[in-house]
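Asks: Sequence:
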Amino acid sequence: MSDVTTRDREVLTDQLGRLPRGLVAIAARCPCGAPVVVETAPRLEDGTPFPTTFYLTHPAAVKACSTLEARGVMREMNARLAHDPELAAAYRAAHEDYLRRRARLGEVPEIAGISAGGMPERVKCLHAVVGHALAVGPGVNPLGDAALEQAAREGLWDQNGCWCERDRADNAPA
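Quick note on our numbering: the sequence shown kicks off at 2 and runs consecutively.
Bear in mind the hints are in silico, worked out from the structure with no lab data behind them.
Positions of the beta carbon are idealized from the N, C-alpha and C atoms, including for glycine.
It cannot be assumed that every hint is accurate.
The calculated label-pair distances, taken between Cβ atoms and stated as ranges, are [said to hold, decoys possible]:
1. THR14 / PRO110: 24 to 34 Å
2. GLY18 / ARG72: 20 to 30 Å
3. GLU150 / PRO86: 16 to 26 Å
4. GLY107 / GLY162: 31 to 41 Å
Within a straight-line C-alpha distance of at most 25 Å, the following computed DMTMM-like cross-link-like pairs (lysine to aspartate or glutamate) qualify [said to hold, decoys possible]:
5. LYS125 / GLU87
6. LYS64 / GLU166
7. LYS64 / GLU11
8. LYS125 / GLU111
9. LYS125 / GLU77
Take these sequences, add in the hints, and give me the full structure.
Replies: The following block contains the structure:
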């Protein structure tokens, strides 16, 4: 985690069209230094409980997750979870990790026991499990890691290279 700079706020506003609500820190960065994942407070400024501690912001990473979701990757992951007890146990451990990390930011009774992305029973949002995997590093969220590996293998997005310029070129007005 790293502190949020003025430049980060500018980049995040460019990435999302607004600043993320409940912004606490930058949880993962692009090799060029741009934010990729932000850490958010478990309770927003207006009092709303917010379970998504790790929020994926980088447009190319978001697009990669959306593409994988559209291809049915979550359905495949859910089938694997249902039939692989070791994977299910590792995913449950990822859920517990998520809850521990959020608890360091504050306890919010309304979301107690709720992590993000469908953990621990299913995958309902690749953006959330990938955000968690990027924030904490490999080996913690097995399905986030798997989605990152698949995105890189398919050339959709790779955390080891900078996609910022490519993303700007893809979104430039015609």
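Asks: Taking the hints in turn, state whether each one holds.
Replies: Each hint, compared with the structure:
no.	hint	result
1	THR14 / PRO110: 24 to 34 Å	32 Å, holds
2	GLY18 / ARG72: 20 to 30 Å	26 Å, holds
3	GLU150 / PRO86: 16 to 26 Å	21 Å, holds
4	GLY107 / GLY162: 31 to 41 Å	35 Å, holds
5	LYS125 / GLU87	20 Å, holds
6	LYS64 / GLU166	15 Å, holds
7	LYS64 / GLU11	20 Å, holds
8	LYS125 / GLU111	20 Å, holds
9	LYS125 / GLU77	11 Å, holds
In summary, the structure agrees with every hint in the numbered list given earlier.
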